[in-house]
Every structure is written in structure tokens, then in C-alpha cells.
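Chemist: With these hints in hand, go ahead and build the complete structure from the sequences.
These are the residues of each chain, in order.
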Amino acid sequence: MTSIQKNKVFMGLLYVLVFFLLSEWLRPVIDLTETGHHQLFLAFVALGLIMAFFEIPWWITGPLKLVYILWFIVYVYTGNLFFTLESLGFIAQQASTSLSALLSQNWQATTDLFRTVLFFALLWMAIYLIHYWVSFRLSIFLFYLLTVIFVAVLDTFSPYSGDAAIVRIMVIGLLLAGLLHLARWMERHRAVDKTEKLLVYSVPLLLLLIASTTVAFYLPKADPIWPDPVPYITSYSGQGGSGQGSVGRIGYGVDDTQLGGSFVSDDTTVFRTEIEDGQYWKVEVKDVYTTKGWELSDEKADEQFYRNGEVVSTDFPPAEDGEQTSALVDIQQPFPFVLYPYGTASFLMEDTLEYRYDPVQQRFDTLQEGETFEPDVYEVFYNEPTYSLAALQETELEALAELPAEFDRYLQLPDALPERVEELAEEIAAGSTTVYDQARAIESYFGTGGFEYSQSDIPVPAEDEDYVDQFLFETMRGYCDNFSTSMVVMLRSLDIPARWVKGFNEGEVIDTVDGYDVYEVTNNNAHSWVEAYMPGVGWMMFEPTIGFTGASDIDFDLEIETSEPESDEMPERPEPEPESPVDESEDAADAAVGPTIGERFIQFVSDNIGKLIVATLGLLLLALMVFKVRKRWMPKVLIPYYRRKGGGSETFEKAYLRLLKQLELYGIRRAPGQTLRSYAEYVDSFYGTEEMTKLTAVYEKSVYGGDSQSVDWAEMQESWENLINRTSG
Amino acid sequence: MKATERLGKVIDNIEKVIIGKREIVELSLVALLSHGHVLLEDVPGVGKTMLVRALAKSVGADFKRIQFTPDLLPSDVVGVSIYNPKDMQFHFRPGPIMGNIVLADEINRTSPKTQSALLEAMEEATVTTDGVTMRIPKPFFVMATQNPIEYEGTYPLPEAQLDRFLLRVKMGYPTHAEEIEVLTRAQSIPPIQELEAVLTLEELLKLQEEVRTIRVDDTIRKYIVDLASQTRRDPYVYLGVSPRGSIALMKAGQAYAMLKGRDFVTPDDVQYLAKFVFGHRIMLRSEARYDGITAEELTERIIAKTHVPVQRLVNQ
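Protein chains in written order, with this note's numbering: chain A, 4 to 732; chain B, 116 to 431.
None of these hints come from the bench; they were simulated from the model. Do not take every clue at face value.
Said to hold, decoys possible - Restraint-style ranges between C-beta atoms, simulated for each label pair: (1) B:Arg-416 x A:Ser-711: 31 to 37 Å; (2) B:Glu-402 x A:His-192: 35 to 41 Å; (3) B:Pro-159 x A:His-192: 47 to 53 Å; (4) A:Ile-671 x B:Met-249: 30 to 36 Å; (5) A:Gly-651 x B:Pro-159: 40 to 46 Å; (6) A:Ile-671 x B:Glu-274: 29 to 35 Å; (7) B:Arg-330 x A:Glu-58: 34 to 40 Å; (8) A:Tyr-131 x B:Glu-138: 53 to 59 Å; (9) A:Gly-651 x B:Arg-416: 36 to 42 Å; (10) A:Val-206 x B:Lys-285: 40 to 46 Å; (11) A:Lys-657 x B:Gln-323: 48 to 54 Å; (12) B:Glu-402 x A:Leu-208: 44 to 50 Å; (13) B:Asp-333 x A:Ser-713: 18 to 24 Å.
What the hints assert, rightly or not - Computed list of chain A residues with no C-beta within reach of chain B, every gap over 12 Å: (14) Ser-609; (15) Arg-680; (16) Gly-709; (17) Asp-710.
All residues carry an ideal CB built from backbone N, CA and C; glycine is no exception.
Modeler: Put into C-alpha cells, the structure is as follows:
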């Protein structure tokens, strides 16, 4: 027992702080799992800490805690305030259910009650652990650090907001750590008689803490240096796609504000569909370009609600001539929305629900009684819209100036957009006289301008760079996001309203059922493309990404025969790699014949010099920290090492010198003129042992006496281990 | 019987007479075992003579005493040749120096000439008179005393002479309790007369031989030389410890190790003995005296800052 423990007021203060720190763990866990009965859990923690504080023996505290857990279960699950026969029967029955489920390893069948008990057991252990840390080790830093990390991680990856919690944790943790440091210091310097004044000594600590917290609280805070790490991590962990606006981003409302960067392919199935012809599946659109990516404007529009079978109204009404067809969609990912093809008329699903359509975002969210609903299988009725070529040829440039104000947001461009983007757009569109021709010219520009489709090694624009500008003029390689965003920006710079669409392309045919093709759409098919407004005609989709075949259905109804109508008939882009947007094998081939390994290494280093420096510094720092705390982990390494080594005097001498170093690290310094024997006596008096003197006598005999034959390392080992273990404390 | 047990018996024997001076007894034995001599520096009446007599009796050695006075002549020390008219020959009458254990009392009271006669005998263990050199019987051990208080009419020993003594020790007064015990014993018959030898001279000579076999590791030798050379470099020091001082420390260390039952010398032995061996061999500058630093204190400082060897020397 440490003498500090005798100062009950001080220890009490520590336990109160520990209680608050523990409750910071409990709060998010209870919140996130929607557990409820927060107070009763806190009461359990308090009970445990109070009993630990008063050092009540385990044979009292153990049963007491068990009774509390049972009471909690009875109260929460049966509503009885007291143990009744009925409630005890309930517990017995639940216990047997869980036990049999446990024995048959049927984890799903274990009951909530069982999980509650497990949770209590966890709390119990946590209380004991912290009690040990505080009372015996007089050290809380590890737990404190874990708490901070825990809350930070939850804040980042879950809906829990740790803004207030992190401040509370900082204050409580620093106070606790400071007080314990003080206690440790007193313990080490044997200032036991002064423990009465501990509280007085901690006043400066308290003042300092209050002052620094206040200052820190009111100081201005910098914005996060890094973008939200979630999309980045999910794109690598399999949620994201080999491309474009990954599913994870769409499904979980993650933003596209930071485009760029490489992707790995991911063939997780997103959905399967039985359909006549492959279609592009739209999820949503975005309208504000930020020079780095896309955001949704805060434009408000009346949300429309539709029921099963009701005809929906979108910017792409189904074609009037011809029959509607239907597609059966089997979604395999938990999306709270439905994907829809162009010309959608209505949706049908077994479940009763509402489809909420937001005309700004253009996404069909699925709701059931006001809650988000994740559809499983649905049928969508559609008729792909067709566009009259004649009408498209009538889209006059002058009409653009007369568009109503609601189109303004589709003409938005950031002020920082470099002028050369606009100049390029004008140059491309120079020969075209209609809006449609201009849009087509830009769409096909990417097929001719030396652009390359690639998913790897795509940079993220730096602070002062523009995503589009970087792609058009510097890298000229990228995937759908690069192409579609660039086209939208260039269209806008020509005053043609345009927006950015996220969704999936048609996928791959894997089967045929009743004349319908079965398409499988995976994360690799995640895609983005362009919608532009043709005055007098309406919205129309464009596909600028090279290698992709999606196109609006054009009705070639031209009455005036021109000398070269053919040139306008088809999507004109050359198709270097039809049907195969994912071309990593080719990339690999390119790399093989490209620069040598040495050059690539140099290239890699020069590309990532910043990251490398940061990583190196980080590693150095880590190494330094590990080195700094070596006295804590060295014995754990040394003991097995010397245990395995065996041998005689040579091992012993090395081990003894190691021990000297460890003792030095521990803080028992040997003056240069101090002999080993007097040092050993000091060490033994410090630890209350006799082993150092014993080891030293043998060492002296071996070194000064030259009698290394008589040393038996095996005999000395236990004493040595005992001492070296003490140095890690 | 092992060496340390025999020596332990001697110490116990002496302690029957001398109370509470175990350290001095041990140091005397150290000097005796390593063919050295001791300079006892203290006021009269603290038991110096008693110590030497007890030592002599314990080892069955011949005890002689010389009281040095200003008018003592060298021949009074080493002996004199007297003409015997009967056979018309000069016969050498050995002086008091020709004993095994000699107490040279108040050595600084006599003239340098007489002092040097004694010191030559101490160093060489021989005596030369009228061109004839005679060996002093072994073992030969001189314990000289000098009174540090009186300066009037004294001839302080020159530094070179001091070097001949292996150790310089100060006896000091007994503690209060010890002194009471001394009185109690003094009341009855003086115990010195009942003291019996516990060691023969032959055994003592054998032990002296044995001391030479005590191991002095390279690290220890290096340590001794480190310490000695530190005394030569110290700013307070006018004249540092000579190589003879280093040898003395090593030999004393060997004897002390044997006394402690070890067959090797440790840095602890060296540290313990250094102030007795170096104390009278260091000549301090006057600055040291102004600063109130004695040679013993200086030795301790040097010990504190010199690195103790803790590792085997590698490739040296």
C-alpha cells in the first residue's frame, strides 16, 4: 500500500475525477447503442468506485455488484422494482436461453439481457483496472490517452459529437494526471509526512489548469488541416468504388468536395437488374463547383412525395411514343434511396412507403413512416427519352441569355477558376453555331485532345490549384469525375446551364431471363456524367468520359438534307477501349515499358517528398518516444533474451551491466567514483532487497578476481530478473 | 586455517587490550603484511605504545622501543661497535632498531641525521656501521609516532622521508563509552601482560609471502594509476603521489583484501586505503591551506570524481 493512499481526501478527489472520466466513456456508448438507463449504469460505476475507495473486501463487493446487476435486469426488463418470484423465473429462463445459444455458438440467438450482463462485466473490469492504476501505479496517462482517442474516433466516424466531451476530458484528465504525478513524486522522494499537504500543493496545478483551459477555450480555432478522413478510408476499405463518386460517398451522404486521388477497383455488387437494355442509373446531381469538387447549393425547392405506382415528375419525362418498359432492381447495399434510369415514370415496391423527390438534389429518397427506409427489390417503369435532332439544331445561342433566373445556379463558376479554362472552351466551341453543337464539341474534345483514362496516380489538387484546370492542362489523365466536371465547367463558361450527375453505368450482362438481360452493377460501375440544358428542348445527358458509351437517344428527324449529316448523327467520339473502362492491366503494361525502377523511384520520391518527410519525421518521433520510455519495455525484452541465452560468466557480466543501465534509467544514479558494492548496498536499501549485493559480489569476483569459472548464471537469473523487473515500475 | 581467520585471531587478541580501534589495528596489520611501516600521528596517551606492544606480543615478535629526543644519535638507534680489550676486537652492540617490531616514538623530535638513520633502516631493512652491513631480522615493522601539536623544537620529516611510510594513520580519541571501558580495564592488572601469541613469526612470514599472490586485476591497476595521476594534476597540489605511492597503494590493497578474506583486490579496497596511503605523500599548495583543504579531503575529492572501473578491460 502506498502511503499516499492514507490521505483519504486526496484519494477521494482522485476517485471523483476517475468517475467523471469513466462516464465520458459510458455516455457515447449508451448514446450510440441507444441503450437507455444511463443513470443506472453510472450508479453502477459510482458504486464500484466507492467500494474500491473504501477498500471493502472482495467477498462483499462481488456479491453486492452481482445483486445490483440482477436488480437492474429485473427492473429494466420486467418493470418490477423488487425481486419477485415471477422476475426471478424470467431471469432463469433468459439465462438458460442464452446459455444454450452460447453453447451451440449461435451468437445471434443470445438475448439483449445477456448482452447487458456482458456490458456490466466489462464495466466491472474497467473499474477494477482504473482502481489499480490510480491506487497502486499512481498513473493514469494511458487510460487518459485512450479516452481521448476513443472520443476522437467516435467523433470522426459516428454521429456522436465529442465537441464538449473533449474539453471535459482534457480538464479532468490533466487534473488527474497532474495530481497523480504529484503523488508519485512524493512517493519517490519519501515525502510521506507531507502527504497531508497534498491538496495545498495541488492548488498551483489547479490554477494553471483553469487558466490554460480558459485561454484555450476562447482562442480562435484553426479549421481542420485534413479533409474528412472517412471517404478516404472507406474508399480503401472496400466501400468505395474503382472510380468515381464512390458508392460510399453517395449512400452515406459523404460530400464530393475534394475530388481527385487514385482508386483501387472493388467488385462488390451494388445491385442487379433485369432490363431490356442497359441504362445509366442516376442517384443525384450536384450544382456548385468549388475548384476542388462539388457541393449541393442551398437552394430550396418543394419536395415532392410519391407513392407506389404514382407517376413521378423529373427533368426527364418518359418518351411519349413507344411503350413503357420496366426493370426489376435488386439492391444489395443498404441505400436509403432508389436509383432510376432516364425517362422514369413510376416505382413499385412490395412495401408501403413514400418516395421523396428533391428537385435540387434530384434523388428519390425512400421513407417509411417518416423514417429512412432501405429498399430491397423494386420495379421501375420508364421509357427512355428521345430528342429530336431537328429541335436540337434549333437551340440558338441567343436563347441562353433569356433563360429565367432559376437556371443561374447551373451557371455558377468559382471566381478562382483560371481564365485559360474559359479560353479553351471558347476555342473548342468556336465553330459551332448552336447550343447543342457546342455541347457536342466539348463532349468530343476529350476524345481528341490526347486525354487518357486512368484510375491510378491521379493527383488531388493543391490549395492553389483548380481541379479542372489541373486535368485539362497538366495531367490530362483521369477518370469520370475529371471528364464530367471539366465538361460541366466548360459548358458553364459558355453560359450553357449544366450540372454534375452521380450514379452508375449499365454494368455487365451476367444472365438472360425471359428475354430480359440481367445486369450486375458493382462498385466499379460507379460513375459520373453531365446533364446540360438545351433551350427549347430541355435537359439532356452527355457522356464526356472516354471509353464510356452512354448517350441520349437522338431521333434523326432532320428534314433538310445537309451534305454531311452523318457527322452529327452518332456520338462522334472515338472509342479507344469500348466496354472496358477499367484498364489497370494496360496501366501495368505502360509501366513495364515506361521508366525504369530507379527513375520511378526518384519520381515517386519527388512526387511525395512532403509526405515522405512527414512520415520520416513521424517515424523518428515515434522511435524517439519508444527510446524515451525504454526503461518500461526493456525488461520485457531483456528477460526472455537472457533467459534463452543461458551460458556462464559472459552472459552474467553482460546481464549485470544491463541491470546497471536499467537502474540508471530508473533514476538510481551511480556517481562516477561510487564503487559497485556501495551502489549495490544503496540499491538494496532502496528496494528493500538483498539481491543486488549478492549479484555484485559474484560480479566482483568474476571481473576483479578473474574467477569467471565459478559463475553460475542459472543460479543468478532469478535475482537478476527480480531486480530488472523493478526497474520498469 | 585460512589466512583471514588467523589474522582475525590476531585482531581479536589485540582488541583485548586496545578498545574500539579496530580500524587502526587492521591498518597496522595491513602494513605489517605488506612489508610496510606506519606513521601514527597523534597526541600522547591514546594508546599508541599499547597497540604496538599488543601487536608484537600477538605475533610472538621481538618488541623494541626508541624514544626520540633531540640529543639522540644515529648510533643510539642502529647500535655501536665497542672495543673489547680482552680480545682486542671491535664488537657490534646492536641498537634498538634490531628488533622485529619497533616503536619509534616522537620521531620528529630528533635531528634529521638520526631520522635518516632510522629511515634508511626502514627502507633497506639493513643497518650499516663502520662499513659493515647487517640485515635486520625479518619480519621488520616500524611504527613511528609524531605529535602534530608541538612545533617547538621539532624537526618535521622531509617529504622524501615521509614517502617511506606505507600508511599514515591518526589514532584519535576513544568514544565516551570506550573510554569508560578503558578505565574499567585499567583498574585491574594491565591486560597486556596476559596477552599470548596467536601467530608465530614463521606463520607471519608465510602470510607476507601469501599477500603477494592476491590478484590485482588490470582494471584495478589502472584505477590506482588513475588516482595517482589525478593527484599530480590537481591545482591544489604542489607535489603529487609518486609511483612508489602507487605501488604502496597496490600492496596495501592486497594485504587488505587478504584481511577481508578475498583473493582479489576490489575498488572498494583501493578507495578505503587511498587516504591512508596518499595522505602524507601529497604536498599541498598554500592555496589549499587557505581554503582549509587537507590532503585527506583532496584524496576523497579525487576518488569521488575518478571513474571506478566496472567493466573488464577489453583488448588492453
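Chemist: State for each hint whether it applies.
Modeler: So, going through the hints one by one against the coordinates:
no., hint, result
1, B:Arg-416 x A:Ser-711: 31 to 37 Å, "34 Å, holds"
2, B:Glu-402 x A:His-192: 35 to 41 Å, "38 Å, holds"
3, B:Pro-159 x A:His-192: 47 to 53 Å, "49 Å, holds"
4, A:Ile-671 x B:Met-249: 30 to 36 Å, "59 Å, violated"
5, A:Gly-651 x B:Pro-159: 40 to 46 Å, "57 Å, violated"
6, A:Ile-671 x B:Glu-274: 29 to 35 Å, "42 Å, violated"
7, B:Arg-330 x A:Glu-58: 34 to 40 Å, "56 Å, violated"
8, A:Tyr-131 x B:Glu-138: 53 to 59 Å, "56 Å, holds"
9, A:Gly-651 x B:Arg-416: 36 to 42 Å, "39 Å, holds"
10, A:Val-206 x B:Lys-285: 40 to 46 Å, "53 Å, violated"
11, A:Lys-657 x B:Gln-323: 48 to 54 Å, "39 Å, violated"
12, B:Glu-402 x A:Leu-208: 44 to 50 Å, "48 Å, holds"
13, B:Asp-333 x A:Ser-713: 18 to 24 Å, "20 Å, holds"
14, Ser-609, "47 Å, holds"
15, Arg-680, "5 Å, violated"
16, Gly-709, "6 Å, violated"
17, Asp-710, "7 Å, violated"
Comparing the model with each numbered hint stated earlier shows that hints 4, 5, 6, 7, 10, 11, 15, 16, 17 do not hold.
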